[in-house]
Amino acid sequence: GAVVSQHPSRVICKSGTSVKIECRSLDFQATTMFWYRQFPKKSLMLMATSNEGSKATYEQGVEKDKFLINHASLTLSTLTVTSAHPEDSSFYICSADLISRTSGVNEQFFGPGTRLTVL
Amino acid sequence: DAKTTQPTSMDCAEGRAANLPCNHSTISGNEYVYWYRQIHSQGPQYIIHGLKNNETNEMASLIITEDRKSSTLILPHATLRDTAVYYCIARRASGYSTLTFGKGTMLLVSP
Chain A
-13 GAVVSQHPSR
-3 VICKSGTSVK
7 IECRSLDFQA
17 TTMFWYRQFP
27 KKSLMLMATS
37 NEGSKATYEQ
47 GVEKDKFLIN
57 HASLTLSTLT
67 VTSAHPEDSS
77 FYICSADLIS
87 RTSGVNEQFF
97 GPGTRLTVL
Chain B
20 DAKTTQPTSM
30 DCAEGRAANL
40 PCNHSTISGN
50 EYVYWYRQIH
60 SQGPQYIIHG
70 LKNNETNEMA
80 SLIITEDRKS
90 STLILPHATL
100 RDTAVYYCIA
110 RRASGYSTLT
120 FGKGTMLLVS
130 P
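As they're listed, the protein sequences go chains A and B. Just so it is clear: in the first sequence, position 41 is 27 by the numbering used here, and no numbers are missing. Each number in the numbering used here corresponds to the 1-based position in the second sequence with 19 added.
If you're looking for bench data, these hints aren't it; they were derived computationally from the structure. Warning: the hint list may mix true and false statements.
[Unchecked claim] Derived DSSO-like pairs (lysine-lysine); straight-line CA-CA distance at most 27 Å: (1) A/Lys28 - B/Lys88; (2) B/Lys122 - A/Lys27; (3) A/Lys0 - A/Lys52; (4) A/Lys6 - A/Lys28; (5) A/Lys52 - A/Lys6; (6) B/Lys71 - A/Lys28; (7) B/Lys22 - B/Lys122; (8) A/Lys41 - A/Lys52; (9) B/Lys88 - A/Lys52; (10) A/Lys27 - B/Lys22; (11) B/Lys22 - B/Lys88; (12) A/Lys50 - B/Lys122.
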């Protein structure tokens, strides 16, 4: 399957600082990438859809000014958590859509996740 | 996308087949059934998807009932590494469509 990477895998920061998380599709181009957040013992919650060359679409309840998304190329999307607070501590996961050559349907491939801890 | 219902948890002995059920009684004709799994502290991993025919790949088999209201994911010979949360998701296969994750089934494979 297609490979999606994330960097960093783990980050600890002080309250009030900003943190940037990168998501890359390594062996394919992705016009659409997605950002999820997962709190302990909870399921993944979609935060936003990132479209290359255009503004991201945010889910209800997600602050677009706090979670800045940039999708400047077909292989890279970034999520910046601005003025991070302890309640932003979570597991952030990105994914990218790919149309399968064998089945012709959309398949979504996920990155390994980034563990953010805000002190 | 149609809502899916899965048991909260299941146990399986190592080497035995693990059969994970999923109900999707409101699935529409253009929605596929996708299965993903998430091992602790990792990103979800795609397993398999199907529309109405049974499917098999190197990881698992997917059995979909004729009325498409339910399906079963089969791991033929479960190993300890298959311990994970398994998610069954109904999703349109073409065009832009997000994945909505429910609570999934926590599968525990024991020696």
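Evaluation of the provided hints:
Between the alpha carbons of A/Lys28 and B/Lys88 the distance comes to roughly 26 Å, so the proposed pair stays at or under 27 Å and holds. Distance hint between B/Lys122 and A/Lys27 is fulfilled; the C-alpha atoms sit about 9 Å from each other, no more than 27 Å. Only pairs whose Cα atoms come within 27 Å are accepted, and A/Lys0 paired with A/Lys52 is accepted, the gap being roughly 16 Å. Of the pairs offered as hints, the one joining A/Lys6 and A/Lys28 holds, with about 23 Å between alpha carbons and a cut-off of 27 Å not exceeded.
Restraint check: the Cα-Cα separation between A/Lys52 and A/Lys6 comes to about 12 Å, which is no more than 27 Å; the hinted pair holds. With a C-alpha separation of about 30 Å, the suggested pair B/Lys71 and A/Lys28 falls outside the 27 Å cut-off, and the hint is violated. Distance check on the hinted pair: B/Lys22 and B/Lys122 sit about 11 Å apart at the alpha-carbon level, within 27 Å; holds. Between the alpha carbons of A/Lys41 and A/Lys52 the distance comes to roughly 14 Å, so the proposed pair stays at or under 27 Å and holds.
Taking the CA atoms of B/Lys88 and A/Lys52, the gap is near 40 Å; set against the 27 Å cutoff, the hint is violated. With a C-alpha separation of about 20 Å, the suggested pair A/Lys27 and B/Lys22 falls inside the 27 Å cut-off, and the hint holds. Taken as a hint, the B/Lys22 and B/Lys88 pair is honoured in the structure, with Cα atoms around 11 Å apart against an allowance of 27 Å. Between the alpha carbons of A/Lys50 and B/Lys122 the distance comes to roughly 26 Å, so the proposed pair stays at or under 27 Å and holds.
In this structure, the earlier hints numbered 6, 9 are contradicted, and the remaining ones agree with it.
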